[in-house]
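Based on the sequences and whatever the hints tell you, model everything.
So the sequences go chain by chain: A and B. Letter 277 of the first sequence, counting from 1, is numbered 579 in this note's numbering, and no numbers are missing. Letter 136 of the second sequence, counting from 1, is numbered 141 in this note's numbering, and no numbers are missing.
Rather than coming from a laboratory, the hints here were simulated on the basis of the structure. We put the CB at the ideal spot given by N, CA and C, even for glycine. You may find that some hints are simply not true.
[What the hints assert, rightly or not] According to the in silico footprint, chain B covers these stretches of chain A (three or more CB under 8 Å from chain B):
| id | segment |
| --- | --- |
| 1 | 324-335 |
| 2 | 342-353 |
| 3 | 443-456 |
| 4 | 496-508 |
| 5 | 513-523 |
[Stated by the list, open to error] Label pairs and their in silico Cβ distance ranges:
| id | chain 1 | residue 1 | chain 2 | residue 2 | range |
| --- | --- | --- | --- | --- | --- |
| 6 | B | Lys338 | A | Phe571 | 48 to 56 Å |
| 7 | A | Asn479 | B | Val80 | 42 to 50 Å |
| 8 | B | Gly296 | A | Gly439 | 44 to 52 Å |
| 9 | B | Lys335 | A | Ile416 | 39 to 47 Å |
| 10 | B | Lys391 | A | Ile416 | 35 to 43 Å |
| 11 | A | Phe365 | B | Lys335 | 36 to 44 Å |
[Said to hold, decoys possible] Calculated Cβ distances over 10 Å to all of chain A for the following chain B residues:
| id | residue |
| --- | --- |
| 12 | Ser39 |
| 13 | Ser44 |
| 14 | Arg60 |
| 15 | Ser74 |
| 16 | Val80 |
| 17 | Leu91 |
| 18 | Thr198 |
| 19 | Ala214 |
| 20 | Ala219 |
| 21 | Glu256 |
| 22 | Ala282 |
| 23 | Ala329 |
| 24 | Gly344 |
| 25 | Phe346 |
| 26 | Phe348 |
| 27 | Ser380 |
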Amino acid sequence: MTFFLFLEQTLNAFQLGVMLFLMAAGLTLVFGIMNMINLAHGSFYMIGAYVAAYVGHVTGNFFIGVAVALPVAALTGMAVEITALRKLYNRDHLDQVLATFGLILFFNELTSIIWGPQAIFVPIPGLFEGSVELIPGAPYPIYRLVIIGAGLVVALLLRLLIVKTRTGMLIRAGASNREMVSALGVDIDRLYTVVFGLGALLAGLAGALAGPILATEIGMGENILILTFVVIIVGGIGSIRGALIGALLVGVVDTYGRAFLPAILRSLFEDPSVADGVGASASSMSIYILMAVVLIFKPRGLFQAYG
Amino acid sequence: MNKKILGAVAAMTLLSAPAMAADPVKIGMITTLSGGGSSLGIDIRDGFQLAVNMRGGMLGDQQVELIISDDARKVGNAKQIADRMLKRDKVDVMTGIVWSNLALAVVPSVTKAGKFYLSPNAGPSKLAGEGCHMNYFNVAWQNDNLHEAAGQYVNDKAHRSVYIMAPNYPAGKDALAGFKRYYKGNIAGEVYTKLGQVDYAAELANLRAASPDAVFFFLPGGMGINFVKQYAQAGLNKTTPLYGPAFSFDEGILKAVGDTALGVFNTSQWNKDIKNAANIDFVTNFHKTYGRYPSLYASQGFDTALLLDSAIRAVGGDMSKKDAFRSALKAAKFQSVRGPFKFGPNHHPIQDIYVREVYKDGDNITNRIVGKVFSNHGDAYAADCKM
Numbered sequence: 303m304t305f306f307l308f309l310e311q312t313l314n315a316f317q318l319g320v321m322l323f324l325m326a327a328g329l330t331l332v333f334g335i336m337n338m339i340n341l342a343h344g345s346f347y348m349i350g351a352y353v354a355a356y357v358g359h360v361t362g363n364f365f366i367g368v369a370v371a372l373p374v375a376a377l378t379g380m381a382v383e384i385t386a387l388r389k390l391y392n393r394d395h396l397d398q399v400l401a402t403f404g405l406i407l408f409f410n411e412l413t414s415i416i417w418g419p420q421a422i423f424v425p426i427p428g429l430f431e432g433s434v435e436l437i438p439g440a441p442y443p444i445y446r447l448v449i450i451g452a453g454l455v456v457a458l459l460l461r462l463l464i465v466k467t468r469t470g471m472l473i474r475a476g477a478s479n480r481e482m483v484s485a486l487g488v489d490i491d492r493l494y495t496v497v498f499g500l501g502a503l504l505a506g507l508a509g510a511l512a513g514p515i516l517a518t519e520i521g522m523g524e525n526i527l528i529l530t531f532v533v534i535i536v537g538g539i540g541s542i543r544g545a546l547i548g549a550l551l552v553g554v555v556d557t558y559g560r561a562f563l564p565a566i567l568r569s570l571f572e573d574p575s576v577a578d579g580v581g582a583s584a585s586s587m588s589i590y591i592l593m594a595v596v597l598i599f600k601p602r603g604l605f606q607a608y609g
Numbered sequence: 006m007n008k009k010i011l012g013a014v015a016a017m018t019l020l021s022a023p024a025m026a027a028d029p030v031k032i033g034m035i036t037t038l039s040g041g042g043s044s045l046g047i048d049i050r051d052g053f054q055l056a057v058n059m060r061g062g063m064l065g066d067q068q069v070e071l072i073i074s075d076d077a078r079k080v081g082n083a084k085q086i087a088d089r090m091l092k093r094d095k096v097d098v099m100t101g102i103v104w105s106n107l108a109l110a111v112v113p114s115v116t117k118a119g120k121f122y123l124s125p126n127a128g129p130s131k132l133a134g135e136g137c138h139m140n141y142f143n144v145a146w147q148n149d150n151l152h153e154a155a156g157q158y159v160n161d162k163a164h165r166s167v168y169i170m171a172p173n174y175p176a177g178k179d180a181l182a183g184f185k186r187y188y189k190g191n192i193a194g195e196v197y198t199k200l201g202q203v204d205y206a207a208e209l210a211n212l213r214a215a216s217p218d219a220v221f222f223f224l225p226g227g228m229g230i231n232f233v234k235q236y237a238q239a240g241l242n243k244t245t246p247l248y249g250p251a252f253s254f255d256e257g258i259l260k261a262v263g264d265t266a267l268g269v270f271n272t273s274q275w276n277k278d279i280k281n282a283a284n285i286d287f288v289t290n291f292h293k294t295y296g297r298y299p300s301l302y303a304s305q306g307f308d309t310a311l312l313l314d315s316a317i318r319a320v321g322g323d324m325s326k327k328d329a330f331r332s333a334l335k336a337a338k339f340q341s342v343r344g345p346f347k348f349g350p351n352h353h354p355i356q357d358i359y360v361r362e363v364y365k366d367g368d369n370i371t372n373r374i375v376g377k378v379f380s381n382h383g384d385a386y387a388a389d390c391k392m
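Quick look at the structure:
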């Protein structure tokens, strides 16, 4: 195993982490501030991917596709919040899980009706085609670097939003004490709708960006949703900083696990087929082990959200 | 007056007598219609449904009642649905399961209940060897088959080292075992990935570092789309040729990966350009009905319905004649869309396996047959099957 391979895998880990962060940022806001378990978050990711793919295909411009996908995802999120989820805030988590699971089925079926059951093709935008040789011997796709860049920009913008703006202040206040915030005359319903829309927008962005490298297919959101929940639990529910650190941690552990564990186990076991079997299972468990370890030492996640 | 009523009643009983004998044959279909991998289940269902529709809602000249349920690729769901179909709906025959891990959980309970199971896809080695059952028939292939053909083909191409990949579930293990059974060169790396994995960057980096002569991968559905796209984006398609079974290059995947798969060779027991009357009929009708070309999964669903058609006709729709029904299934007297077809001693197909090339037909990216790898190919587990 060479040093360059290690570097390349680190870059891969980083890219996966950033992708997870885009999903996790929205989910953690919704979960942390509204205390709402939203399984349908993956559906906004799917909507973002499909709308970006469709508009991108019709207009022939990937960026227009992304630009249209963001408001569509946000508006869908807000519409769902106003019509369905608002009634669930004071209910049990189990009710929320059931209702939002129903929404997953609804959106999957809707997508199937609009775009058909088969996965659709999304090309890489011409501008970002090809690869650069950052690390000798390992050409790295430019588009993946773009995703890393986009994710970091979003992280920065979110930080500015939360720390520097009035909306951000309200979000923080809402997370620590919602009764007090509404007692002070803030329209908490509207705040929730805005936060939910923001979460959906971020999920839509993740989906739109994922289109060119991943399969744009029905149910694509559910695959990534579980990882996303691991991220926000590791990072601390409600904390944007936690989501970023958690996402990067999960990205690193998952990628290193897949990249290096099988080889290490092969040197430990005599029978390579046993080693491969154990390696595959161990690497798919690695992030859950990470989660368990974090929860033992920090039961509320690495970063506790405001208060 | 009384006589008249009696007469009418007698006439009514006469009329209804044949109708009672012809209670619809109940077929339970459990397949994956939502979530990851749903395109496979949808194709199987559509292929099967097409055969029924082309016969006016009948199979073997009998009305059939097709009960379809979605397992969402979850073992728990599949088991629960199977239970419901067996106990509440009292189905006669079951079919539909796409994934081997689901089939392994469901099939034994179906055969134990004395019902028949016809697999339109999953063919795990366990059910072909020691775990075979007289009421279990596989209409598609034993899992290893297409991978064995790929192994043979890659071996013939004289690639000295191959990197092989599959998901970590029973069919993935079968796939790589099948490939290695016929590929005699050096295995540069053997990797099992998560079922449903979306990002393969880590695996691709390791693959490049191992610098093999060729890559063989089995990743059906969305996994295949992700992998093929990312393989090309990493620039590997220019240096290292890809090989796979048809599952890694079905119509759904090709539509979603664009030009990047052009020129790739893959192995299949069926393709839409096989020239026989049944297949031409099937491809035309499928395209007309659903507006897309069928995949091999659709062909397997269609063939499953044709096999049922022949066996139901043989017993005249009387599903209580289990022995006669079983021998009719075993005889496989139907024109398979893939051409010659018969069952081996373990009720798994003996068939030809072809190699296909991905090419561009106008705007449509699809497969064409370029050669035959095996003739009358059975499976490696038949000897272990004691029925």
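Now for the hints, and whether the structure bears them out:
1. 324-335: violated (count 0)
2. 342-353: violated (count 0)
3. 443-456: The restraint on the segment 443-456 of chain A holds, since 3 of its residues have a Cβ under 8 Å from chain B and three suffice.
4. 496-508: violated (count 0)
5. 513-523: holds (count 9)
6. B:Lys338 <-> A:Phe571: 48 to 56 Å: Hint holds: Cβ distance 50 Å, inside 48 to 56 Å.
7. A:Asn479 <-> B:Val80: 42 to 50 Å: holds, 44 Å
8. B:Gly296 <-> A:Gly439: 44 to 52 Å: holds, 46 Å
9. B:Lys335 <-> A:Ile416: 39 to 47 Å: holds, 45 Å
10. B:Lys391 <-> A:Ile416: 35 to 43 Å: violated, 52 Å
11. A:Phe365 <-> B:Lys335: 36 to 44 Å: violated, 60 Å
12. Ser39: The claim is violated: B:Ser39 sits with its nearest Cβ about 5 Å from chain A, within 10 Å.
13. Ser44: violated, 5 Å
14. Arg60: holds, 24 Å
15. Ser74: Answer for B:Ser74: holds, closest chain A Cβ roughly 14 Å.
16. Val80: holds, 16 Å
17. Leu91: Non-interface label stands for B:Leu91: nearest chain A Cβ at 25 Å, farther than 10 Å.
18. Thr198: violated, 7 Å
19. Ala214: B:Ala214 is in fact no farther than 10 Å from some Cβ atom of chain A, at 5 Å.
20. Ala219: Check passes; 19 Å lies beyond 10 Å.
21. Glu256: About 8 Å separates B:Glu256 from the closest Cβ of chain A, which leaves it inside 10 Å; violated.
22. Ala282: Per Cβ check, B:Ala282 is outside 10 Å of chain A; nearest 28 Å; holds.
23. Ala329: Its Cβ never comes within 10 Å of chain A, the nearest being 38 Å, so this holds.
24. Gly344: holds, 26 Å
25. Phe346: holds, 27 Å
26. Phe348: The assertion about B:Phe348 holds, with a minimum of 31 Å to chain A.
27. Ser380: Non-interface label on B:Ser380 holds, nearest chain A Cβ at 31 Å vs cutoff 10 Å.
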